[in-house]
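Here is how the chains run, residue by residue.
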Amino acid sequence: MKSYITGLSVAILAGSLQVGSAAEISGKVTLKGDPKPEVPIDLGPMCGPLHPGGEKVTTRHFVVGPDHGLANVFVYIKEGAKKGGEPAEQPLLDQKGCLYEPYVLGAMTGKPVKIRNSDPLMHNVHATPKNNPEFNFAQALQGQVNEKAFTTPEVLVRMKCDVHPWMFAYIGVCDHPYYAVTGKDGSFKIPNVPAGNYTIEAFHLKAGAKAEKLTLSDSDKKTLNFELNAP
Amino acid sequence: MNCCSIVRTKNNPWLHRFAVLLAVSVLGLLCVGGLVTSHGAGMAVPDWPNTFGYNMFFFPISKWVGGIFYEHSHRLYASAVGFLTIILAAWLWIKEERRWLRWLGVFALFAVVLQGVLGGLRVVWMKDQIGIFHAALAQMFFCLVCAIALFSARWWTEGQPHLVNSPALATVRKLAIFGSVLIFLQLLLGATMRHQHAGLAIPDFPAAYGRFWPATDPASVARYNQLRAEVIALNPITSSQIWLQMAHRIVAVSILIVVGCTATVGLRSVARPFRSLLWAWSALILIQLGLGAATIWTNKSADVATAHVAVGGLSLATAVLLVLMSSRVLRGELSSVEPERAPVESFGQRQEVPA
Numbered sequence: 001m002k003s004y005i006t007g008l009s010v011a012i013l014a015g016s017l018q019v020g021s022a023a024e025i026s027g028k029v030t031l032k033g034d035p036k037p038e039v040p041i042d043l044g045p046m047c048g049p050l051h052p053g054g055e056k057v058t059t060r061h062f063v064v065g066p067d068h069g070l071a072n073v074f075v076y077i078k079e080g081a082k083k084g085g086e087p088a089e090q091p092l093l094d095q096k097g098c099l100y101e102p103y104v105l106g107a108m109t110g111k112p113v114k115i116r117n118s119d120p121l122m123h124n125v126h127a128t129p130k131n132n133p134e135f136n137f138a139q140a141l142q143g144q145v146n147e148k149a150f151t152t153p154e155v156l157v158r159m160k161c162d163v164h165p166w167m168f169a170y171i172g173v174c175d176h177p178y179y180a181v182t183g184k185d186g187s188f189k190i191p192n193v194p195a196g197n198y199t200i201e202a203f204h205l206k207a208g209a210k211a212e213k214l215t216l217s218d219s220d221k222k223t224l225n226f227e228l229n230a231p
Numbered sequence: 232m233n234c235c236s237i238v239r240t241k242n243n244p245w246l247h248r249f250a251v252l253l254a255v256s257v258l259g260l261l262c263v264g265g266l267v268t269s270h271g272a273g274m275a276v277p278d279w280p281n282t283f284g285y286n287m288f289f290f291p292i293s294k295w296v297g298g299i300f301y302e303h304s305h306r307l308y309a310s311a312v313g314f315l316t317i318i319l320a321a322w323l324w325i326k327e328e329r330r331w332l333r334w335l336g337v338f339a340l341f342a343v344v345l346q347g348v349l350g351g352l353r354v355v356w357m358k359d360q361i362g363i364f365h366a367a368l369a370q371m372f373f374c375l376v377c378a379i380a381l382f383s384a385r386w387w388t389e390g391q392p393h394l395v396n397s398p399a400l401a402t403v404r405k406l407a408i409f410g411s412v413l414i415f416l417q418l419l420l421g422a423t424m425r426h427q428h429a430g431l432a433i434p435d436f437p438a439a440y441g442r443f444w445p446a447t448d449p450a451s452v453a454r455y456n457q458l459r460a461e462v463i464a465l466n467p468i469t470s471s472q473i474w475l476q477m478a479h480r481i482v483a484v485s486i487l488i489v490v491g492c493t494a495t496v497g498l499r500s501v502a503r504p505f506r507s508l509l510w511a512w513s514a515l516i517l518i519q520l521g522l523g524a525a526t527i528w529t530n531k532s533a534d535v536a537t538a539h540v541a542v543g544g545l546s547l548a549t550a551v552l553l554v555l556m557s558s559r560v561l562r563g564e565l566s567s568v569e570p571e572r573a574p575v576e577s578f579g580q581r582q583e584v585p586a
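Sequence lines, in order, name chains G and B.
Sequential numbering of the first sequence, starting at 1, is according to the working numbering.
Sequential numbering of the second sequence, starting at 232, is according to the working numbering.
These are computed hints drawn from the structure, not numbers from a lab.
One or more hints might be untrue.
[What the hints assert, rightly or not] Once the Cα atoms are required to be at most 25 Å apart in a straight line, the calculated BS3-like pairs of lysine-lysine come out as:
1) B/Lys326 <-> B/Lys241
2) G/Lys56 <-> G/Lys184
3) G/Lys114 <-> G/Lys189
4) B/Lys531 <-> G/Lys56
5) B/Lys241 <-> G/Lys96
6) B/Lys326 <-> G/Lys206
7) G/Lys96 <-> G/Lys78
8) G/Lys189 <-> G/Lys82
9) G/Lys111 <-> G/Lys78
10) G/Lys36 <-> B/Lys241
11) B/Lys241 <-> G/Lys148
12) G/Lys210 <-> G/Lys78
13) G/Lys213 <-> G/Lys32
14) G/Lys82 <-> G/Lys213
15) G/Lys130 <-> B/Lys358
16) G/Lys83 <-> G/Lys206
[Unchecked claim] Covered by chain G, per the in silico footprint, the following chain B stretches (three or more residues, Cβ under 8 Å):
17) 265-273
18) 288-297
19) 448-462
Yeah, the Cβ is synthetic: ideal placement off N, Cα and C, and Gly gets one too.
Turn these sequences into a full structure, and let the hints guide you.
This is the structure we're talking about:
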């Protein structure tokens with residue numbers, strides 16, 4: 001019994017040390033300069049009622065916060081990460097109000113992405129990747145969920161709906177789980193990164209990309225900020 | 232004489248009218264098909280030949296929404312055109328005296344079936360490149376049906392003795408052949424551009440990104456993509472797409488010159504049916520130039536871009552008719568007298584009719 005308790009304690013201590021040794025990268029992406037204004041989208045008679053109260057829907061090329069934080073930037077380890085691992089949660093691409101949510105999403109190779117139709121309308125889900133097989137299927141029913149996985153890393157894969165041509169979103173596919181997408185304030189966090197030497201890239205579809213090299217030790221919490229330029 | 236035999240002849244006025252009806256229907260199909268690409272709806276229905284699992288003829292109208300409306304109605308219209316083509320081919324086979332024209336009807340039937348298969352494969356294989364062949368074959372099929380309508384017309388079968396050869400007509404014919412080739416090349420360029428699904432590779436006209444010749448280095452192209460605020464899903468602009476559009480502009484100017492020369496040579500020198508065709512051809516090319524500019528100025532408005540496709544098809548068909556009709560006169564066939572002992576061919580039997 002004593003040896004069992006000792007062994008269990010050693011295992012718990014070793015496990016906590018392992019979790020504690022994982023590093024974290026966090027930071028913020030900001031936009032320098034003023035981008036072109038977003039363009040209003042005409043949702044038409046079928047999709048318009050899904051946005052009650054006269055809510056204006058626009059393109060989402062540059063979603064910039066009050067302190068120039070830039071949303072929808074895909075931040076990921078471009079070099080140095082070992083393949084494999086598990087993502088923190090299963091990514092979900094939803095169709096709500098005839099818009100894809102979120103606009104930019106991260107996923108791992110070989111791990112399924114959930115694609116859901118939350119609208120009372122038919123959509124089709126059409127992926128147009130360069131390095132992965134293309135697919136196109138219908139989601140006719142509200143609540144319908146399908147799963148699809150990508151086989152090859154690709155930044156970024158475009159998803160679109162051919163029924164509603166203004167609907168498109170992007171998925172960043174990595175062969176490891178160390179990626180994040182900036183929120184409305186431009187901030188991001190990539191937890192549980194093993195110690196090592198890495199190149200971190202912040203990729204935005206319109207503002208371009210910037211990369212930084214970083215060395216992480218066990219339990220490091222490093223902050224990395226990127227400034228991208230408006231075209 | 233067999234009481235049930237059908238007499239084949241080359242004078243079939245109702246057959247000719249039906250061929251004209253089919254030609255007009257195919258022009259409509261060019262428009263409907265053009266709207267599919269203009270609205271980016273080519274993949275809105277992911278299966279074929281069914282429609283979201285339904286038999287395509289029983290797909291509920293309530294579900295014809297958004298891009299589905301354009302793609303599905305295109306399939307139905309195409310089915311109707313296919314059916315009309317079956318009727319034309321059968322009618323030609325039963326009633327038409329000229330063997331070559333009967334086989335041309337069969338060829339038209341094969342072409343429309345091939346066109347349907349190409350359209351379906353483009354969807355199930357998700358290959359944009361097949362869309363380019365689909366678009367090109369559509370234009371060729373339109374010209375073929377117009378030609379069948381011409382061959383079945385009295386103008387072709389009965390002769391116009393007052394029309395004579397002339398050096399001017401020979402020149403018009405050569406220029407029309409050259410113009411037809413240029414227009415077909417232009418249609419191929421246009422189809423290739425449209426099926427890149429990248430929107431306008433050059434957003435201004437007559438300048439190109441504010442210059443006479445646009446920069447196409449990687450940094451400039453990256454900047455074009457960064458500055459573009461697309462509302463619908465568009466593929467990124469590439470340098471090759473920019474070159475395609477510049478080639479399209481250059482060929483447009485070339486066509487204008489060729490048609491202008493043809494009109495200059497022909498309008499004062501050739502007989503009336505050819506003058507009418509030359510006026511029509513010239514007008515179509517000028518309209519087409521305007522529509523091309525308007526396509527850019529309206530940021531590729533779907534209706535304008537589709538009209539540009541349709542007028543392109545009409546321009547090609549007009550050129551082909553001009554070539555065929557001038558060839559007929561130049562070969563002296565129209566002024567030849569009908570032979571006295573013309574064999575009358577019954578369907579299934581051949582009989583000699585004494586003079």
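Outcome of the hint check:
Of the supplied pair hints, the one linking B/Lys326 and B/Lys241 holds, its CA atoms being roughly 8 Å apart against a limit of 25 Å. In summary, the hint linking G/Lys56 to G/Lys184 is supported, as the alpha carbons are separated by about 18 Å, within the 25 Å threshold. Restraint check for G/Lys114 and G/Lys189: the C-alpha separation of about 22 Å stays at or below 25 Å, so the hint holds. Distance check on the hinted pair: B/Lys531 and G/Lys56 sit about 24 Å apart at the alpha-carbon level, within 25 Å; holds.
Only pairs whose Cα atoms come within 25 Å are accepted, and B/Lys241 paired with G/Lys96 is rejected, the gap being roughly 62 Å. Between B/Lys326 and G/Lys206 the CA atoms are separated by roughly 63 Å; this puts the pair beyond 25 Å, and the hint is violated. With a C-alpha separation of about 31 Å, the suggested pair G/Lys96 and G/Lys78 falls outside the 25 Å cut-off, and the hint is violated. Using a Cα cut-off of 25 Å, the hinted pair G/Lys189 and G/Lys82 holds, with the two alpha carbons roughly 19 Å apart.
Distance check on the hinted pair: G/Lys111 and G/Lys78 sit about 19 Å apart at the alpha-carbon level, within 25 Å; holds. The straight-line distance between the Cα atoms of G/Lys36 and B/Lys241 is roughly 66 Å, outside the 25 Å bound, and the hint therefore fails. Annotation: proposed proximity of B/Lys241 to G/Lys148 is violated, straight-line Cα distance about 60 Å (limit 25 Å). Of the pairs offered as hints, the one joining G/Lys210 and G/Lys78 holds, with about 11 Å between alpha carbons and a cut-off of 25 Å not exceeded.
A hinted pair counts as satisfied when its Cα atoms are at most 25 Å apart, and G/Lys213 with G/Lys32 qualifies at roughly 21 Å. Between G/Lys82 and G/Lys213, the direct Cα distance comes to roughly 16 Å. Compliance with the 25 Å bound is thereby established for this hinted pair. A hinted pair counts as satisfied when its Cα atoms are at most 25 Å apart, and G/Lys130 with B/Lys358 qualifies at roughly 13 Å. About 28 Å separates the Cα atoms of G/Lys83 and G/Lys206, which puts this hinted pair outside 25 Å; it is violated.
Counting residues of the region 265-273 of chain B whose beta carbon lies closer than 8 Å to any beta carbon of chain G gives 4, which reaches the threshold of three, so the coverage claim holds. Check result for the region 288-297 of chain B against chain G: holds, 3 residues qualifying (beta carbon to beta carbon below 8 Å, three or more required). For the region 448-462 of chain B, the stated coverage by chain G holds: 8 residues have a C-beta nearer than 8 Å to a C-beta of that chain, and at least 3 were required.
Violation of the numbered hints given earlier is confined to hints 5, 6, 7, 10, 11 and 16; the remaining hints are satisfied by the structure.
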